[in-house]
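Residue numbers (the numbering used here), protein chains in the order written: chain Z, 1 to 486; chain V, 487 to 586.
Take the hints with a grain of salt, since some may be wrong.
As the list claims (entries may be wrong) - Derived, one-sided and incomplete: chain V residues facing chain Z with beta-carbon distance under 10 Å: (1) I488; (2) T489; (3) H492; (4) V554; (5) L565; (6) S582.
Unchecked claim - Derived, one-sided and incomplete: chain V residues facing chain Z with beta-carbon distance under 10 Å: (7) F506; (8) G540; (9) I546.
Unchecked claim - Derived DEER-like restraints, expressed as beta-carbon distance ranges: (10) V:I488 x Z:W415: 21 to 31 Å; (11) V:H492 x Z:K476: 54 to 64 Å; (12) V:D580 x Z:I392: 23 to 33 Å; (13) Z:V426 x V:I488: 49 to 59 Å; (14) V:H492 x Z:Q10: 32 to 42 Å; (15) Z:V426 x V:H492: 29 to 39 Å; (16) Z:L289 x V:T489: 39 to 49 Å; (17) V:T489 x Z:G209: 18 to 28 Å; (18) V:D580 x Z:G359: 20 to 30 Å.
If you are wondering where the hints come from, they were derived from the structure by calculation, not from laboratory data. For glycine and all other residues, C-beta sits at the position ideal for the given N, C-alpha and C.
As a plain string of letters, each chain reads:
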Amino acid sequence: MENLVQLAMQNVNFAAIMPSLVLCCFGMAILLINVFMPRGKTTSASLISIIALLVTAVVSLQGWNNPQFGFAGHVALDNFATFFNMTFLLAAGLTILMSDDYLRREGYPIGEYYPLILFSTAGAMWMASGTDLMTIFLGLEVLSISLYILAGMFRHQLQSNEAGLKYFLLGAFSTGFLLYGIALLYGVAGTTNVADIGLYLSAHPAMIGNPMTVAGMLLMSIGFLFKIAAAPFHMWTPDVYQGAPTPVTAFMSAGPKAAAFAALMRIFILGLAGLQSEWTSLLWGLAILTMIIGNVTAIYQTNLKRMLAYSSIAHAGYALVGLVAANAVGVSGILFYMLAYTFMNLGAFAVLVLAGKKGEENLTLEGFSGFGFKRPFLGVAMTIFLLSLMGIPPTAGFAGKFYIFAGAIKSGYIWLAIIGVLNSAVSLYYYLRVIVYMYFKDPQEDYSWVSMHTGAVVSIVIAIVGVLYLGIIPGKIMEMAKLAIF
Amino acid sequence: MITVNHYLVLSAILFALGTFGVLTRRNAIVIFMCIELMLNAVNLSFIALSHHLGNLDGQIFVFFVMTVAAAEAAVGLALMITFFRNRESIEVDDISMLKW
C-alpha cells in the first residue's frame with residue numbers, strides 16, 4: 001500500500017497545475033467571502049478576482065521556457081499552455097473589469113458571477129495544458145458548465161433564460177459526440193494520452209485508414225468545432241451571444257474559442273498527425289464554409305451583439321485557415337490571432353457594455369446614430385476595434401490575418417488564402433456600416449445614460465493599447481508564439 | 487459467445503437512438519434524457535473496450551463522465567426551472583424569442 005502511494009506521489013507535480021489551482025482556490029475563497037458580504041456589494045469580489053488573475057499570470061509565467069509535466073502525463077505546463085493561459089487570463093480580466101457596473105445597472109449584482117468566470121478560466125487552462133483526452137474533456141466541461149450558468153444568469157429575463165437553455169442543450173449534445181469520438185480513439189489506440197495515440201498511429205500505419213479511427217477523429221472534432229463556433233455547428237452562437245449578458249458574451253467569444261483551438265491543435269498536431277490529410281481536407285471545407293456563412297449573414301444583422309456573434313463565427317473561420325496550413329507560420333499565427341482577437345473583440349464589447357441602456361434594447365445600428373460625436377472617446381475606441389476586426393493596418397487584426405494567410409500560402413493553399421481575403425473584403429461592409437452610423441447620421445438621442453465607469457474604461461484603454469501594440473510591433477509577440485508551438 | 491463487438495454495436499445503437507431522440511423530441515427534459523442516453527452509450531463503449539484491451543483507462547474515464555453528467559444535470563435542470571417560471575413551458579418550440 002505504501003508503495004502504491006509513493007508511486008502515485010512520484011507522478012504528482014503541482015507546478016504543472018499551479019495556475020488553475022491558484023484560480024480555483026481564489027474562486028472558492030470569493031464564494032465564501034460573498035456569503036458574508038451584504039447583498040448587492042460585489043465591487044470587492046471583482047477586485048479580488050482581478051488580484052487572482054494577476055497572481056495566476058505570475059504563476060503561469062513560471063512555465064515559460066521551463067516546461068512542467070505532471071500527473072502521469074496528463075498535464076503539461078509548456079510554452080504552448082502558457083501562451084494560451086495568458087490569452088484566457090486577459091479575456092477574463094477585461095471581462096471582470098467591465099462587469100461590475102454593468103451587473104448593478106441591470107439589477108443583478110450577484111457575487112457568484114466572479115467565481116464562475118474564474119472557474120471557467122481554470123477549465124480553459126486545463127484544456128490548453130491537458131495532454132490526455134481525459135484532462136481535456138474535464139477542462140471542456142468545467143468551462144462549459146460555468147458558462148451555461150453565466151449565460152442564463154439574468155433569471156428574470158426571458159432572453160437570458162433562453163440563451164442559457166439553448167447553450168446548455170446544444171452544448172451537452174455536442175459533448176456526447178466528443179465523448180463517443182474519444183471512446184473510439186481509445187478503442188483503437190488503447191490509451192487516451194494524446195502523445196501515445198500519436199506514437200501508436202505512427203507505429204501502426206494500417207490503423208490510420210481504419211473506419212474506427214476516422215470516425216473517432218470526426219466525432220471528436222464536432223465537440224471542439226461546436227465550441228469554436230465553426231459552421232455547420234454555429235447555430236447556437238447568434239442566439240446565445242445575443243441573449244447572454246454582454247460581458248459574458250464578450251468572454252464567451254474569446255476564452256472558450258481560444259481554449260477549443262488549443263485543444264484541437266494539440267490533439268490534431270500531436271495525436272492525429274498520421275491523419276493529417278484527412279483533417280486538413282475536412283477543415284479546409286469547414287474554414288471556407290465558416291467564413292462565408294459568418295460574413296454573409298452578418299450583413300443582414302441590425303442588432304450589434306448579434307452582428308458581432310456572426311463576425312465571431314467568421315473569425316473562427318480565419319483561424320481555422322491557420323490550422324489547415326499546419327506549418328510554423330500558420331499555427332503560431334493562430335496563437336497570435338487568438339490574442340489579437342481577445343483584445344479587439346473584448347474592446348468592442350466593452351464599448352457596447354457602456355453604450356447600452358438597462359435592458360439593452362438600444363444596441364442596434366439605429367441606436368448608434370451620431371454616437372461618435374456625442375461620446376467622442378467611445379466612438380474613437382469603437383472605430384479602432386472595428387478597423388482591427390476588419391483587418392486594416394496598423395491594427396492587431398491585420399497582423400493576425402497576415403500571418404495566418406501567409407502560412408496558408410506557404411503550405412500551398414493559395415485559393416484558401418484568396419477566399420479568406422475576399423471574405424475580409426465582404427466584412428468591410430458591415431463593420432464600416434457601424435462607423436457610418438456613428439459619424440454620419442444625425443443623433444436621435446443625447447446618450448445621457450452613458451456613464452464612464454472606471455472599470456470598463458480601463459478595459460477599453462487596455463484593449464486599445466493591445467490592439468495598437470500588436471498591430472504596430474507584432475514581431476515580438478509573434479516570436480513568442482513561434483516558441484510556443486510544438 | 488458475446489464479444490466486444492456486440493457491446494460496441496449495442497452502444498452504437500443506443501447512441502443513435504439518443505441522437506434521434508434529441509433531434510425529434512420537443513420537450514426539453516426528454517431531450518436532456520436522450521442526451522444522457524448518448525452519454526451512457528459512450529460509457530458502455532468505454533467499459534467494453536477497457537475490458538477488451540485489459541487496461542483501466544476506460545473505466546476511469548467512465549467515472550469522470552458520470553461525475554460530469556451529474557454536474558450537468560444539476561445546472562441544466564436549474565436552467566429549465568428558471569425558464570419554466572418565466573414562460574410556463576419547457577417545449578423547445580417556445581424557446582423562440584431569439585431568432586435570425
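For D580 of chain V and G359 of chain Z, compare the CB-CB distance with the range 20 to 30 Å and indicate the outcome. For D580 of chain V and G359 of chain Z the Cβ distance comes to about 21 Å; the hint holds.
So, as I understand it, the hint says S582 of chain V touches chain Z; can you test that by seeing if any CB pair is closer than 10 Å? holds, 8 Å
Interface hint check: I546 of chain V, Cβ to nearest Cβ on chain Z, cutoff 10 Å. Holds or violated? This interface hint holds because 7 Å falls under the 10 Å limit.
Is the interface hint for F506 of chain V satisfied, with its Cβ closer than 10 Å to some Cβ of chain Z? violated, 12 Å
T489 of chain V as chain Z interface residue, shortest Cβ-Cβ below 10 Å: violated, 13 Å
Using 10 Å as the Cβ threshold, decide whether H492 of chain V counts as touching chain Z. violated, 14 Å
Honestly, do V426 of chain Z and H492 of chain V meet the 29 to 39 Å range at C-beta? Given a distance of about 52 Å, which is not inside 29 to 39 Å, the answer is violated.
Is the hint on G540 of chain V kept, meaning its closest Cβ partner in chain Z is under 10 Å away? holds, 9 Å
Does the closest beta carbon of chain Z sit nearer than 10 Å to the beta carbon of I488 of chain V? Hint on I488 of chain V: violated, closest Cβ of chain Z at ~17 Å, above 10 Å.
Against chain Z, run the beta carbon of L565 of chain V and see if the smallest gap drops under 10 Å. holds, 5 Å
Do the beta carbons of I488 of chain V and W415 of chain Z sit within 21 to 31 Å of each other? 51 Å Cβ-Cβ, so the 21 to 31 Å window is violated.
Take a look at whether the Cβ-Cβ distance between H492 of chain V and K476 of chain Z falls inside 54 to 64 Å. Once the Cβ atoms are compared, 58 Å apart, the range 54 to 64 Å for K476 of chain Z and H492 of chain V holds.
Hint check: violations occur at hints 1, 2, 3, 7, 10, 12 and 15; the rest are consistent with the structure.
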